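2 protein chains.
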Amino acid sequence: MNKAEKNVQRDYKKGYPSPSLQRLPLYLRQLKLYQREGVEKASCTRIAQDLGLISVQVRKDLSMTGIAGRPKVGYNIDELISRIESFLGWDKQRKAVLVGAGALGGAILGYAGFVEHGLSICAAFDVDENKIGTSIRSCPVYSLDELERFVEQNQIVIGIITVPQSVAQFVTDKMVKAGIRAIWNYSPVRLSVPSNVVCETVQLSSSFAVLSSKVKSMLAEERKTGPA
Amino acid sequence: MNKAEKNVQRDYKKGYPSPSLQRLPLYLRQLKLYQREGVEKASCTRIAQDLGLISVQVRKDLSMTGIAGRPKVGYNIDELISRIESFLGWDKQRKAVLVGAGALGGAILGYAGFVEHGLSICAAFDVDENKIGTSIRSCPVYSLDELERFVEQNQIVIGIITVPQSVAQFVTDKMVKAGIRAIWNYSPVRLSVPSNVVCETVQLSSSFAVLSSKVKSMLAEERKTGPA
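Protein chains in written order, with the numbering used here: chain A, 1 to 228; chain B, 1001 to 1228.
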């Protein structure tokens, strides 16, 4: 086994499967919908049905949080919400900075949903003189030269990267040097980080690959059988 | 088995597992990197190593495209690239429209990578009088009232939704009525579409859930053993 495979295996042992983790926000949204409707309990079967999933998968995903549903009764919705939020650490606030105050950076600063997940973006950084000193959606924009000082003084854990891919590794190295421990990468490039820093890349192309495959299957099916 | 579960099962039968589909763009990027470096063949083991995956998984994912690697030699890189692109339909251009010409819409229009995937965004639509008649990254912005006519006249297949979640279903219904067959949804809401329309939702929160879980595990580990 090579070193990369060893690392992956260690992650598998320590961590949880990404597809299951990725579904937790879907459950959370559905559970909060039930909550607003005044529903107090929900079974795996109902959650699965409302989200278009299979109930065995739902039970398995939710068991990561340590909760057990009661047969014939289901989960207590308030408890399940707080279990998921605590499991993800979304019940606490985590401070973040964002580097790259362009269109994508602005979209992320404007995305209200992240506040609910405990993400507090304290400042944005850019190299564009026209942006430095302004604020975007009430978030101040500073010069990239200020990053290290700001991260240290404010004990920032998370760095969000929304710069062009040509400078993404440069910004990553700057973040790591400043003491950032977790990088949320929106640039379409694989970043190198030391082993004491975690990194997660948002793959917009991955979602488009799923859509593309669905479109292709649908159109191929229709050529065979005529439109639905 | 209820109706939702039946639908899921039908999709499973027809389609490919999403996690595998989601990895195809990663392979494609890595393979194009090899190509630029003048590498002609690559084994599963090497691809797995360079992407931090396990080789069994790589072989399984790539077998979706119908390619078979040769033992001790690996895949021919040019062939593998064209297999993946053709599997996803990325070797052909697909015309799309985008509704919601705000910060997120602008970021997507500016994302050059999608052109490589055959995605051609022909027009954006909005209700904001200040945006209608302008263009964003050389894409014209029209009034939402024009959507139906434009989609029909230009035989648009894909609709991209970058509006606030409160109006996302309204825009979806308008797209479906206009004849859109595939919806790529960036709003954090589950959309209802008829069975002859496919829909894929980009879950930014899902990626943040994975990052959050990694951060939490890392910090918990350090509290036990001290920093790495």
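Hint data in this document are derived by calculation from the structure and do not stem from the laboratory.
Any given hint could turn out to be false.
Unchecked claim - Stretch-level coverage of chain A by chain B, calculated; a stretch enters the list once three of its residues show a Cβ under 8 Å from a Cβ in chain B:
hint, region
1, 88-95
2, 173-185
3, 209-220
Please read all numbers here as calculations on a predicted model, not as lab measurements.
Cβ coordinates follow ideal geometry from the N, Cα and C atoms, glycine included.
Notebook entry, point to check: Among all the numbered hints in the text so far, which are the ones the structure does not match?
Noted result: none
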